[in-house]
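If you read the protein sequences in the order shown, they are chains A and B.
Per my numbering, the very first residue in the first sequence carries number 1; after that it's consecutive.
Per my numbering, the very first residue in the second sequence carries number 402; after that it's consecutive.
The set of hints was computed from the structure by calculation and includes no laboratory data.
A couple of the hints might just be wrong.
In silico SDA-like pairs for lysine to any residue, Cα to Cα no more than 25 Å straight-line [said to hold, decoys possible]:
#1 B:K982 with A:P364
#2 B:K965 with A:D292
#3 B:K980 with A:D292
#4 B:K965 with A:R256
#5 B:K974 with A:W242
#6 B:K926 with A:R256
#7 B:K982 with A:R363
#8 B:K982 with A:P217
#9 B:K810 with B:K980
Computed far set for chain B versus chain A, every beta-carbon distance over 10 Å [to be verified]:
#10 N408
#11 R573
#12 A602
#13 Q719
#14 R929
#15 L958
#16 R959
#17 E979
Every residue gets a Cβ at the ideal spot worked out from N, C-alpha and C, and that includes glycine.
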Amino acid sequence: MEYEVYIHVPFCLRRCGYCDFNTYTASDLGGGASRGNYADMVIREMRTVRRWQIDHGIDEPAVSTVFLGGGTPTVLPAADLVRMVDAVRDTWGLEPDAEITTEANPDTVDADYIHELADGGFTRISFGMQSAVPHVLRTLDRTHTPENVTAGVRAAERCGLRSSVDLIYGAPGESLDDWRTSVHAAIDLGVDHVSAYALTVEPTTKMGRRIAAGTLPRPDDDDEAAKYEIADDLFSAAGLQWYEISNWARPGRESRHNLGYWRNVDWAGMGPGAHSHYALPLDGAAGGRGEDACGIRSWDIAHPRMWGRKVTMDEVPWQGEETIARDENAEETIMLGLRLREGLGLDHLSAVLGRELTSDMFRPVLDAGLAVLENGRIVPTRRGRLLNDSLIADCFEICGL
Amino acid sequence: MAKELHNKPGYTDQSVIRNFCIIAHIDHGKSTVADRILQLSGIVPEREMRDRFLDRMDIEQERGITIKSQAVRVPWTFDGTEYTLGMIDTPGHVDFTYEVSRALAACEGAVLLVDATQGIEAQTLSNLYMAIDHDLAIIPVLNKIDLPSAEPEKHAEEIAGLIGCDPSDVLRVSGKTGEGVADLLDQIVMEVPAPDGDPEAPARALIFDSVYDSYRGIVTYIRMEDGELHSREKVHMMGIGMTHEPIEIGVISPDMTPTKALGAGEVGYIITGAKDVSQSKVGDTLTSAVRPASEPLPGYRDPKPMVYSGLFPVDNAQFPELREALDKLKLNDAALIYTPETSVALGFGFRCGFLGLLHMEIVSERLSREFGLDLIQTAPNVTYEVTSEDGKVHHVTNPSEFPEGKVKKIVEPMVAADIILPKEFIGAVMDLCQEHRGQMGTMEYISTERVEMHYRMPLAEIVFDFFDQLKSRTKGYASLDYHEDGEQSADLVKVDILIQGDKVDAFSAIVHRDKAYSYGVMMTKKLRELIPRQQFEIPIQAAIGSRIIARETIRALRKDVLAKCYGGDITRKRKLLEKQKAGKKRMKMLGHVEVPQEAFIAALSTDEPTDRDTKDKIRAAQKKEG
Chain A
1 MEYEVYIHVP
11 FCLRRCGYCD
21 FNTYTASDLG
31 GGASRGNYAD
41 MVIREMRTVR
51 RWQIDHGIDE
61 PAVSTVFLGG
71 GTPTVLPAAD
81 LVRMVDAVRD
91 TWGLEPDAEI
101 TTEANPDTVD
111 ADYIHELADG
121 GFTRISFGMQ
131 SAVPHVLRTL
141 DRTHTPENVT
151 AGVRAAERCG
161 LRSSVDLIYG
171 APGESLDDWR
181 TSVHAAIDLG
191 VDHVSAYALT
201 VEPTTKMGRR
211 IAAGTLPRPD
221 DDDEAAKYEI
231 ADDLFSAAGL
241 QWYEISNWAR
251 PGRESRHNLG
261 YWRNVDWAGM
271 GPGAHSHYAL
281 PLDGAAGGRG
291 EDACGIRSWD
301 IAHPRMWGRK
311 VTMDEVPWQG
321 EETIARDENA
331 EETIMLGLRL
341 REGLGLDHLS
351 AVLGRELTSD
361 MFRPVLDAGL
371 AVLENGRIVP
381 TRRGRLLNDS
391 LIADCFEICG
401 L
Chain B
402 MAKELHNKPG
412 YTDQSVIRNF
422 CIIAHIDHGK
432 STVADRILQL
442 SGIVPEREMR
452 DRFLDRMDIE
462 QERGITIKSQ
472 AVRVPWTFDG
482 TEYTLGMIDT
492 PGHVDFTYEV
502 SRALAACEGA
512 VLLVDATQGI
522 EAQTLSNLYM
532 AIDHDLAIIP
542 VLNKIDLPSA
552 EPEKHAEEIA
562 GLIGCDPSDV
572 LRVSGKTGEG
582 VADLLDQIVM
592 EVPAPDGDPE
602 APARALIFDS
612 VYDSYRGIVT
622 YIRMEDGELH
632 SREKVHMMGI
642 GMTHEPIEIG
652 VISPDMTPTK
662 ALGAGEVGYI
672 ITGAKDVSQS
682 KVGDTLTSAV
692 RPASEPLPGY
702 RDPKPMVYSG
712 LFPVDNAQFP
722 ELREALDKLK
732 LNDAALIYTP
742 ETSVALGFGF
752 RCGFLGLLHM
762 EIVSERLSRE
772 FGLDLIQTAP
782 NVTYEVTSED
792 GKVHHVTNPS
802 EFPEGKVKKI
812 VEPMVAADII
822 LPKEFIGAVM
832 DLCQEHRGQM
842 GTMEYISTER
852 VEMHYRMPLA
862 EIVFDFFDQL
872 KSRTKGYASL
882 DYHEDGEQSA
892 DLVKVDILIQ
902 GDKVDAFSAI
912 VHRDKAYSYG
922 VMMTKKLREL
932 IPRQQFEIPI
942 QAAIGSRIIA
952 RETIRALRKD
962 VLAKCYGGDI
972 TRKRKLLEKQ
982 KAGKKRMKML
992 GHVEVPQEAF
1002 IAALSTDEPT
1012 DRDTKDKIRA
1022 AQKKEG
């Protein structure tokens, strides 16, 4: 089994109107959680978590991937990012070919910064490009220009770092042609990995409030479906294969870190609001968590000040945790596996569920054109990707969940 | 020297008895005034009043509606003589007119209690006329005179005009402060005639109410007309022909007090071993099994259900629970009838007959609240006589019983509707009644401000949401009363609704041909809004026979996927899917189509089309017909 580390950096220079992530624009969030000593706090949390793991009989192997997300990790000095990666190596060990990624805002990095990351062991940068169309960027409250993105990608290339770009489609006012423009721009950058997300409006965000008040039009599912198909066609034609619903890559250039989430591996999340996941052995030797306990999920306190206080006391700064029972584990296996090009392995699912599943049982979703069967795996079709919730619900029913 | 008067329970001279009831609209303060009477008479000490009142509420909440003081024996001294007042409760609503008429038959007088801030309401007026028909002495009273918004002068005038008395004869009381209540009791003694039954004749008693009490069984309230009943004497119900051994007879004053006998003119109760209220029917005559009377008291008949509707458990596994719950309600409600029914769309349920809309609402609310049942109720339906071309007559209480093929004649039940309203709404109410095929009769001013309008209307037009619309078009000021008024033949058709080409029996309706198009267009549009998009396209059609009159299409769902599902999203996403799974369980599967419960409720309202698209579609459908 693989083991991954995620580090959340809850700082941004400004908040975008559509974003509901756990991030703050102030530089000092109290409780020791300020930009200046944030890396030290995270490093301290690593030590505490490592101790908790050992106390609970969880002995993780060397880390195979590290991912810094946010927020905007690149508002911290590059040296801080490198120090946190060094601490991962010191705490758990790091595989020699580990994938080490940071998210970056195109206007917060320059060539020197990227150079420092490359020297510090980073292998990948994921740029928040979002769109190549100025009026769409404005609607999304993004401050960078399309040129910033090109500069960043070129700089990364020169340092031997792989680049990925994120795109968002379905913003109010974005036409189909606007979207084609953005997709072509991403392809023309020559990156080997692209994530494209339908804009999801959360009611608590500024954009959510404007839509509820009727001053912005609500994103339309049919429009987003059309844009998804455009993206899938254009990326495929350019040699970028879909490997997860919202992710396309040149074969071999997939994000190993993110694949880990969908394959339900173990990971430790550091930083306010970060989640962690540990599988438990299927034989039920899970120390008082019930006979069908299959895993643990925990999440750090979201508020940086409260989080910081716990970290300073060398306590695991969790807000909560849940034991994942057998059926829940099966549900997660299904809903995550069905997002992937590699699909959902029926043998694996049978083992998770504790009873034999046959491909015949999945006839209804195959007949409905939602999935195909490939070497004992249920693989979603494009229709099954767009109607993924329906596909998942049907599979739950088939599995008696 | 005058003969000494007997006045104790079981042995009371008729000359000192005064039996009366209180006619009042809901919220006009009947119970407050009744409580005040109990307190003034001294049978409930003042310091206990509050506690008792609260107690009673608790028990009523706990045990339903069975504990009300249905008929209390109240002592009242006037001019040096102690009288016995029999205070008889009357149900407050139009649906229970039959029970009201039985209560009136048990009295010689009626207190007409009217809220001095609101004036008389249509249902009160209809009960008042019924009391006048029964030759009851009417004592008009305005209540709530303590309120600043009371207008006693104005409403006294109104009442005086209705019953032909002098406005100054209208008493003014406040149940809240007790003002005027003693005068009211004096007035009852003076105005209400004493009973004049024959104390020597074979016993005859009128059953005017009958309730199921989970501790005591069936408690039957009776008014003795002639003769005497004794505590160990077998009784015979003349209408249903059953004989019972009484377990107890007595009077309520204010608690149940057993007595050895009940004599002519007295009001009391009898407990027999009867299992449910149908074995002790309101309106029946009770006599002695040993020395029976030859003729029952007049006016025995079963109340007839006027409105039918299907009740189906959302989860068909709850069918046995629904049956059990209906059986339990029936113990207390002889008027409720039900037979098992199977719907293709909704599975197993019951076809239920009700006295009227309120009765229907009460039953359905009690089923969900007291028995925790999740039910789908189909649109209410009246009883039609449908003659098919071959001359066969069908008794249709459900659209699914409507005969296929050509129909020769359809007869529908009619009601006489009385509506009281402030005069500024006359135009609005005329429009509303006309839209509902009402034929206007007379109209009277009951005061300078308010009128009573009389309409003859098809019952079917009232059972949908007529009352709600009446309230909304008159800002809540109009009140409605209706009673059966024969039948008429009418040009009615059955409109079917098809989802994905399959007829959904629960949505079929029998409507007037003029309204068929609007029903079809409105229903298909409503369903298009209410049924969520699914993986495939769903055509929704309305049809008369094989002819499609309206069509809408629910486009296939193209996308439901969540864009992002990374480490921190997994728990939330799983919980969301679990919630959706639970929501799906509350949907009804019609073929492959998931239909939410709201869709079935939508069929229960008939609001007028307002938007252009709907109006255009209705016109287009009508044109095709022409």
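Hinted pair, alpha-carbon criterion (25 Å max): K982 (chain B), P364 (chain A). Please report holds or violated. Given that 25 Å is the threshold and the Cα spacing comes to 18 Å, the pair holds.
For R929 (chain B), which was marked as not at the interface, is the minimum beta-carbon distance to chain A over 10 Å? With a cut-off of 10 Å, R929 (chain B) remains clear of chain A, as the shortest Cβ separation is near 16 Å.
Taking 25 Å as the top limit, are the C-alpha atoms of K982 (chain B) and P217 (chain A) close enough? 29 Å, violated
Regarding the pair K980 (chain B) and D292 (chain A), is the alpha-carbon distance no greater than 25 Å? 22 Å, holds
Would Q719 (chain B) pass as off the interface with chain A, using Cβ distances and a cut of 10 Å? Holds, since 21 Å exceeds 10 Å.
Quick one: work out the minimum CB distance from R959 (chain B) to chain A and report holds if it exceeds 10 Å, violated otherwise. Incorrect as stated: the minimum Cβ-Cβ distance to chain A is 4 Å, not above 10 Å.
Is the claim that E979 (chain B) lies outside the interface with chain A correct, judged by CB distances over 10 Å? 7 Å, violated
Should the label of A602 (chain B) as a non-interface residue stand, given a Cβ cut-off of 10 Å to chain A? Non-interface label stands for A602 (chain B): nearest chain A Cβ at 74 Å, farther than 10 Å.
Given the hinted pair K965 (chain B) and R256 (chain A), is their alpha-carbon gap at most 25 Å? Cα-Cα ~16 Å, so holds.
Can the restraint linking K965 (chain B) and D292 (chain A) be considered satisfied, given a maximum Cα separation of 25 Å? Status violated; Cα separation ~28 Å.
N408 (chain B) remote from chain A - nearest C-beta pair above 10 Å: 73 Å, holds
For the pair we were handed, K810 (chain B) and K980 (chain B), check the Cα-Cα distance against 25 Å. 51 Å, violated
Of the hints listed earlier, those the structure fails to meet are numbers 2, 6, 8, 9, 15, 16, 17, in rising order.
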